[in-house]
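**Student:** Each chain, letter by letter, is given below.
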Amino acid sequence: MHKPYAEEVKIDGIVLSRLMPDEDLFASLKKIAKDHGIERGVILSAIGSLKNVVFVNVRPHTGIPVKTEDMIEIEEGGPFELLSLEGNFFPSQEDGEPVIHLHAILGTSSGAVTGGHLLKARVFTTAEIILGSLTGSSVYKAKSDVTQRMELLKG
Amino acid sequence: MHKPYAEEVKIDGIVLSRLMPDEDLFASLKKIAKDHGIERGVILSAIGSLKNVVFVNVRPHTGIPVKTEDMIEIEEGGPFELLSLEGNFFPSQEDGEPVIHLHAILGTSSGAVTGGHLLKARVFTTAEIILGSLTGSSVYKAKSDVTQRMELLKG
Amino acid sequence: MHKPYAEEVKIDGIVLSRLMPDEDLFASLKKIAKDHGIERGVILSAIGSLKNVVFVNVRPHTGIPVKTEDMIEIEEGGPFELLSLEGNFFPSQEDGEPVIHLHAILGTSSGAVTGGHLLKARVFTTAEIILGSLTGSSVYKAKSDVTQRMELLKG
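Protein chains in written order, with my numbering: chain F, 420 to 574; chain P, 420 to 574; chain A, 420 to 574.
Pulled out of the complex, with its shape left as it was, chain F reads as follows (with noise of 0.2 Å):
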């Protein structure tokens, strides 16, 4: 069961990062919220390039529960400049490892963008990383029965 909820949080302590070329972006938040002892973050801004990215995006008139046929993968060996990258980090309800949830938008080369829910990617030049911690929280991440995927749950 799951149900809508609001609760009022902090953001205690913020990290200023630089990824290098070639670096995991997935591998290098997790190990900056380890470094920084950040449980719960949250991306105040991000900018940068980013190459060897994977994402999905949701096909029309999919309905819920999301199947795994609704989702479509798209693979891009780029490079992008990264034009926005908005998400969260919360801890997964079944072992408390980071569960992080990146959603990317990125700029080719035509003047078309491009985008999805993001599953890999690699920092092409360089991304400069706003992180927030946020303190006061106690929602996890759970595979909720209702979607099927893994969503913001409140304990």
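Hints are computed from structural coordinates only; laboratory data are not their basis.
All of these numbers come straight from a predicted model, not from anything done at the bench.
Glycine included, every Cβ here is placed at the ideal spot set by N, Cα and C.
Simulated DEER-style distance windows between Cβ atoms:
1) Glu-427(P) / Asp-443(F): 32 to 40 Å
2) Glu-426(P) / Leu-538(A): 23 to 31 Å
3) Lys-449(P) / Gly-456(A): 32 to 40 Å
4) Pro-510(P) / Ala-531(A): 28 to 36 Å
5) Asp-564(P) / Leu-538(A): 27 to 35 Å
6) Val-565(F) / Gly-555(P): 34 to 42 Å
7) Lys-562(F) / Gly-496(P): 25 to 33 Å
Put chains P and A on the given structure of chain F with help from the hints.
**Tutor:** Only chains P and A this time, still in chain F's reference frame:
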């Protein structure tokens, strides 16, 4: 009459919320603002997925003041990954009610990205929203005689 | 020589601003930073509309170091809804002047979205910008010998 301004404010209160399938995005934000006493708010982070979206963009070569026929309205069932949601709300000068100003960026299954100034949307699977309360500000929203749109104006 | 880093900083001062039609986005941000004593800043939120934009994206299969001919420049009159503006500014190592690094995402009347690493832009109707002052940081911008671009480097 209106003029530019820049004022020092504080982000004094942060609300982490998760919206549920089918919730109306605008109504839910208004409820969260009311429940938590947020008069002026800014979206610090938001990802998830949306459906039944209506948004507008401006026609090329449009000048000021913007006329209704300069705005192109697009309605799409989706669903879409919500790749970015930027915006704020400030009280209307007229009645004090929050005027919500949101710009959404949406991923599609082809990998192309769509979006604009958002008028309506419902949550598809989830919306993870981190909202900041802006305090120390005296600005409000009122119809500008220059642009003919609701603009941030200082009292 | 440069290396990755992650440092704990504070967002110690927030400026809410509204830019007016025809203002130069880069000049206005520099003025706000100077007027409010912000040496290192991050855009926490920005929406509005832009015109006369110039932006660049990187050509597919580009490697490091990035050469001038790998960057494709696009100039568009617009106007466009400003759907997202991410970025920051840090002092140049050379002369201490702010180096503004912005990535913009723009909505078009077809519903398609365009954007890239922003070089120039003017405000169309408005720009509502919330800027955070980053304190406790000692990083600056300098031309990287690896990427041949201006990068965040730690002293």
